[in-house]
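Visitor: Listed below are the residues making up each chain.
Protein chains: 4
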Amino acid sequence: MERLWTAARALEQQATAWRRDFHTYPELGLCEYRTAWRIMDLLTAWGYEVSFGRAVMDPDLLYGLPAPEVMEQKRLRAMGEGVPQALTEQMKGGMTGIVATIQGTGDGKTVAFRFDMDCNEVTEATEGHRPAGEGFASLHAGEMHACGHDGHCAIGLTLAKILADHRDAFSGQVKLIFQPAEEGVRGAKSMVGAGILDDVDCFFAGHIGIGARENGTLAALTEGFLACTKADACFTGRASHAGLAPEEGKNALLAAAQAAVSLHGISRHGKGASRINVGVLQAGAGRNVIPDRGVVKFETRGETAEIDEYMQSEAHRILQACADLQGVTLDYEIKGSSLSHEPDRKTGAEIAALARESGQYERVFDCLPMNASEDCTYFLEEMRKQGKPCAFLMLGSALAAGHHNGRFDFDESVLWRSAGLLACLAATYTKR
Amino acid sequence: MERLWTAARALEQQATAWRRDFHTYPELGLCEYRTAWRIMDLLTAWGYEVSFGRAVMDPDLLYGLPAPEVMEQKRLRAMGEGVPQALTEQMKGGMTGIVATIQGTGDGKTVAFRFDMDCNEVTEATEGHRPAGEGFASLHAGEMHACGHDGHCAIGLTLAKILADHRDAFSGQVKLIFQPAEEGVRGAKSMVGAGILDDVDCFFAGHIGIGARENGTLAALTEGFLACTKADACFTGRASHAGLAPEEGKNALLAAAQAAVSLHGISRHGKGASRINVGVLQAGAGRNVIPDRGVVKFETRGETAEIDEYMQSEAHRILQACADLQGVTLDYEIKGSSLSHEPDRKTGAEIAALARESGQYERVFDCLPMNASEDCTYFLEEMRKQGKPCAFLMLGSALAAGHHNGRFDFDESVLWRSAGLLACLAATYTKR
Amino acid sequence: MERLWTAARALEQQATAWRRDFHTYPELGLCEYRTAWRIMDLLTAWGYEVSFGRAVMDPDLLYGLPAPEVMEQKRLRAMGEGVPQALTEQMKGGMTGIVATIQGTGDGKTVAFRFDMDCNEVTEATEGHRPAGEGFASLHAGEMHACGHDGHCAIGLTLAKILADHRDAFSGQVKLIFQPAEEGVRGAKSMVGAGILDDVDCFFAGHIGIGARENGTLAALTEGFLACTKADACFTGRASHAGLAPEEGKNALLAAAQAAVSLHGISRHGKGASRINVGVLQAGAGRNVIPDRGVVKFETRGETAEIDEYMQSEAHRILQACADLQGVTLDYEIKGSSLSHEPDRKTGAEIAALARESGQYERVFDCLPMNASEDCTYFLEEMRKQGKPCAFLMLGSALAAGHHNGRFDFDESVLWRSAGLLACLAATYTKR
Amino acid sequence: MERLWTAARALEQQATAWRRDFHTYPELGLCEYRTAWRIMDLLTAWGYEVSFGRAVMDPDLLYGLPAPEVMEQKRLRAMGEGVPQALTEQMKGGMTGIVATIQGTGDGKTVAFRFDMDCNEVTEATEGHRPAGEGFASLHAGEMHACGHDGHCAIGLTLAKILADHRDAFSGQVKLIFQPAEEGVRGAKSMVGAGILDDVDCFFAGHIGIGARENGTLAALTEGFLACTKADACFTGRASHAGLAPEEGKNALLAAAQAAVSLHGISRHGKGASRINVGVLQAGAGRNVIPDRGVVKFETRGETAEIDEYMQSEAHRILQACADLQGVTLDYEIKGSSLSHEPDRKTGAEIAALARESGQYERVFDCLPMNASEDCTYFLEEMRKQGKPCAFLMLGSALAAGHHNGRFDFDESVLWRSAGLLACLAATYTKR
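Protein sequence lines, in the order shown, are assigned to chains L, C, W and Z. Taking the working numbering, I'd label the letters of the first sequence as residues 1 to 432. Taking the working numbering, I'd label the letters of the second sequence as residues 1 to 432. Taking the working numbering, I'd label the letters of the third sequence as residues 1 to 432. Taking the working numbering, I'd label the letters of the fourth sequence as residues 1 to 432.
In short, the hints are calculated from the structure, not lab data. Among the hints, erroneous ones may be present.
Identical copies carry no separate label here, and so any pair may be met within one copy or between two of them.
[Claimed, not checked] Simulated crosslink set (DSSO-like; lysine-lysine; CA at most 30 angstroms straight-line):
#1 431 <-> 346
#2 335 <-> 92
#3 346 <-> 388
#4 346 <-> 385
#5 385 <-> 335
#6 388 <-> 431
#7 335 <-> 271
Hey, can you work out the whole structure from these sequences and the hints?
Guide: Here is the structure:
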């Protein structure tokens, strides 16, 4: 263990450099061409067996692809940034997920680690913001790593390097999973559905910050994942002149407006927390035309998947009724989905003990609440169903601002420390 | 003519007495047991051939019957007021309409006059109100002749007496129609649908007051009838405890509330005026129970029957969608209906000339606007379709207060004057 | 202790008789004239010092008095059932609460017990319903003890009799509180506000059934009380004719409808469960009149008093805005209120131990969830604030049907058993 | 007269060329830099005394300026198309209106003609669309003369040329008004408010097509102008995370949605037609964020200015209440306005007679209905108030498609014929 911690600390500068590279070139979910290329390049060089795209993702279980012209534009940009054209073509259709495996010394279990790669649709702050000051601000206007996934990728690479350099420190096999499109909870289901956990005995993932906002802190487990579904409703009506013949119109704007109001009126559930939010409503074109188009983008959440399913089923019924209310038609599409998850307390206790014994942490929590959604729950629930150990850690770091904020930044000491801990988990759990 | 006017004026006190009798015993629509009995008694005595009930009404075209227990209570009350039980039994189910005919001297046309008999659900004022002062206030609590139909019946009887006494003054035949349930526009369609206009060559009706609010005035025609439909929507959901399991309820109160809001949002019509009013909403029982019942009572109007039909069809769609919005069921029932009507200007001009020549009026208008609904339009439109003369007159009178107000009262000089004019019309148009 | 249990069991038939008497004459909240008279009569006879009305209630803290004519009708009915007129007059204005004290042998603490007296607005079932079969069905149409408060009063009397007969079994003082109007959470605040807990060292209350639905079971504590507020909103607008001048109206029905829809759209709270229910909406009078009156009766709940306060403050803002939306005025009135409560686990453990040791129970739970509202929380929170022991017990009984159902009934063995347990608590806690 | 008609017909090709030039370079309202420059250039050359901008417009009465960056972009584009920079700078702030005067021979009245210059935000069709086929399609993407204002300007120039060439044909003075921003009814009030009608004795304007859709037809008058107001409401709330703390948000999307629903529920007016349309609703940014911004763009109309004023006042109240409903703030801004107008039947009869006598028209209507809004009503109402003759003509032409449609086109024979008629009106009315 000591060896692994030493190796981790030695990689501190390298981890920071990797993180800053990813931070400079943030990529939206399902367009992580450059990010994936960089990761695959290094992992291959270090002796990992690397698969990606359709080999590790089921395209039918992927949600919320960006518009084709957006994906194409991002692909061309990535090519301009050095990604080989052939690779970008293989990644078309959001096929940017990666699975890389490495064998340890001797027989053992298979332990998987999952890292997410995508950035946010956020414009990065400049004045008084460290990335701008130290020269690693986003070069992609309107895109920013404001949720720490750049750090997650850097931790993944650092972990990969430690393991490659210390094959004798673990037995069995380690599987590194780099997932696209965690934002919008779009990518996990596709990877889990492709069966990449079938041979996995133990699974770990984590997130920088969230409830652990001091350097040197850790939560061994996370609870309070809200099951979540994202969906779009598009109403199509019939335009007419608002002065001459308003009665000939079929008003899609009013359908959308009444949908927004009615969705927020879905009854609370007696069995636990639920959420509903219509985040976006866009309708109509001209002031004197009965609007023939209205779009509503919303999400539901539930303390359990059952409650989220209740919310979705209510929402779908309401949307159809609001279409009927105006005599317009409805297109309804799920855009993302995550589950709830009851954490594996036994594994959590083991991780907490291991972390405390390492002496690398100032404070270790057994479990902290998420109160938000993460599609890592597809991985976690798959493990739970199979009765296998799993954990979602909170990797403590001071934050410059909250997640998804243009001033978000974290303390890079979280990188080597997290990689060290994960390496220890690999060593421990491959030997179980 | 002169003879008829003299006869009319001679009946002034009698007309007033009849009116005050009807005023004292007001009866709600489709419960006009005593009113109809009094009228039939007199007409029969004067030699009229009298039909009533199913002989002159189609029960399938009757709208908005009161609750069975209400009708029964009124029937028993009428029996207590002297109406023979056998007669009340024949009138069950709202069968209170009357048609009475009398032959003139020699061949001629058939001229019909229509009078409405029902009162309002209004509590009559007492202090400073003439009926109370002069001893003819309503004896039926909550019921009042606040729209002048007591006067209409008195005019009808006065006209009947003049004609019975002057059979040589007209040829052909005169048909007197006493219609139930004009309030709520419920009774006319049933009588027209029974075919009672089939042998009629010419049709007249009228209303005291409305736009003619001075004594000695007359409007020969009325325009601006709004087509109107009355309907009830009843939503039935599922109750549940609002604290323990609100999600198990199906909220009929919210369906009704959203219906009310949405109905008022029906688009205006480019081709003319429309109206919508939800007049009553009643929903829910206990504060901590998800409401399983909600009732909405509303009406639509249109400048034309087409526009009212548009309003109804929109309303029906909206109500079903609001039921779907909450997952509740809808019962929808039409409760009353009237049409629009373009007046017969030629006949109007003739009436106006006749009235002016009579010297009995201080001012005669060719036409005044109604801007409200009357189910006499079913009679008028039937005549118009058959290309036969018809008119709806406004019988001018000073009013103590507006129609449907507890202080409503009119000047009884309108009774003999109107009867005289109608007698002149009978004499004139039977000879055409 | 053994003595007390023996005494309790000996009173079994008497307890049942008292319960059935109360069941036969159920009285709505703040109208418990006969119930209070019966209780006071017996307590006085047994040597209790009895206070009632303004001596033990603050009229300014009383919520939701019935309409004056209702209260007067119930008062006259009670007089017809034997209650002295002078007493009923002292109880006017809902002043029906009672506090009775009795001294034990020697110095000690003051232990209080609270019982609620009011019935429900529920029509009692007859066919196949035991009270009807055994001759103690409600004689008051539309009123029924469907929540077990008849049982609570009988337990209170049985406890009182045991204590009066065994003054040597306890020291200090016992205070029996009979509270009006628990239904609608209206009466507790008024009694607590009158200071009746100021000299109390320890407090107990309980409820038959709820989560303990088998005979011989007990829960020593109750958790999951939802803070709750009941309120009425009355909108007053301006009537106008829906056909002639709809624009002159100020539509109170639409204000109420939009309020219902908007209230159900109050945002969920991130910190815990909340509830909203508009249980009743009544608006409008005539179909063709713009409605000038609309009433909304609703309740909010919260996992904590803070969350319920958030719901109320949102609701009040929304109601005012809905009034403004239609240009109508708002009258807003709180009709009832309860708090949340974190149970006193230490006292609970003591009670559970005592109950288990007694050998009188087949199963004793430490704590069961309420998931509903109870204004006993005003008593409980007052004790908690003062750092004094308190508990709200669930008194287990098989139930014929759920609470507030017309078929509700319980097994009367719960009466003596509960009285026995409370007597033991009195003996135990007065000696602390 | 004959001379004037001959002169008009001789300018047919020139008129078409001018129209096609304007069609090629369409400019949005208040950005008519190039259009105004071309017109002023020619008029000056022909001897007109030309004023523009602040001399003939009141900036405080101008509605709905485009965003500054849009206006600047259009200004730079106009410079690229040859407009002198100094001129464009004088026109900044929408100051693109023109008044040009010419003296006739001898004393006489002042007759004014008004033409509007702006285009629509419409993308012009290409395939099968004559302007594309004959090489005069719009060069400005997203901008198109789809309402015939290019034709109006060409008629104005043709009229100007005829008058300049035949000063002996009229006495007194002719005033040509070129108005910006008729679309959105934004420009007229500003010119009328600047007093440019103060010395005018007689006023004419007109529109190609509308109800006169055959070549060689004319309507001497137009009726049925709906008074209209355009306004924007912008709601500003507070964002918060929809999962963690939805209760901390102030939901501007729901305010906008409820505003849309409520605005469509404004009561119909008993005195005449009204209209309401929310044409555009845009709200929210991210799916998981409580939306802090919502915009509603709407218009009201009324058969009279009083009714439109009622609609506006209701709308403003409703918008504020919807802001309060969500605890957000409201910015409200009027974006355009027009009036209703009762046409000058006497002048209409004179024009109709003159047109019929000319033998240039196949069919002349006395008056046709508009059933839409035009801010020329500010000119017309000012004349009516001063008791002076005025008329708004419909200039008949076959149309390739309806107004505001990407396939709109008209028959250019309407240009010389209209100019000829207006020249005759100038000759006739300057001599009155």
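Visitor: First find the shortest C-alpha distance between residue 431 and residue 346 inside one copy, then the shortest across copies, and answer within, between, both or neither for a cut-off of 30 angstroms.
Guide: within (17 angstroms within a copy, 45 angstroms between copies)
Visitor: Can you give me the call for residue 388 and residue 431, within, between, both or neither, at a CA distance of at most 30 angstroms?
Guide: within (14 angstroms within a copy, 54 angstroms between copies)
Visitor: When no copy is specified for residue 346 and residue 388, does a C-alpha distance of 30 angstroms or less occur within a copy, between copies, both, or neither?
Guide: within (11 angstroms within a copy, 38 angstroms between copies)
Visitor: For residue 385 and residue 335, with the copy left unspecified, which applies at a CA distance of at most 30 angstroms: within, between, both, or neither?
Guide: within (25 angstroms within a copy, 49 angstroms between copies)
Visitor: Go through the copies and call it for residue 335 and residue 271: within, between, both or neither, with a Cα cutoff of 30 angstroms.
Guide: both (26 angstroms within a copy, 27 angstroms between copies)
Visitor: At most 30 angstroms between CA atoms: does that hold for residue 335 and residue 92 within a copy, between copies, both, or neither?
Guide: within (18 angstroms within a copy, 46 angstroms between copies)
Visitor: At most 30 angstroms between C-alpha atoms: does residue 346 with residue 385 qualify within a copy, between copies, both, or neither?
Guide: within (15 angstroms within a copy, 38 angstroms between copies)
In this structure, every one of the numbered hints holds.
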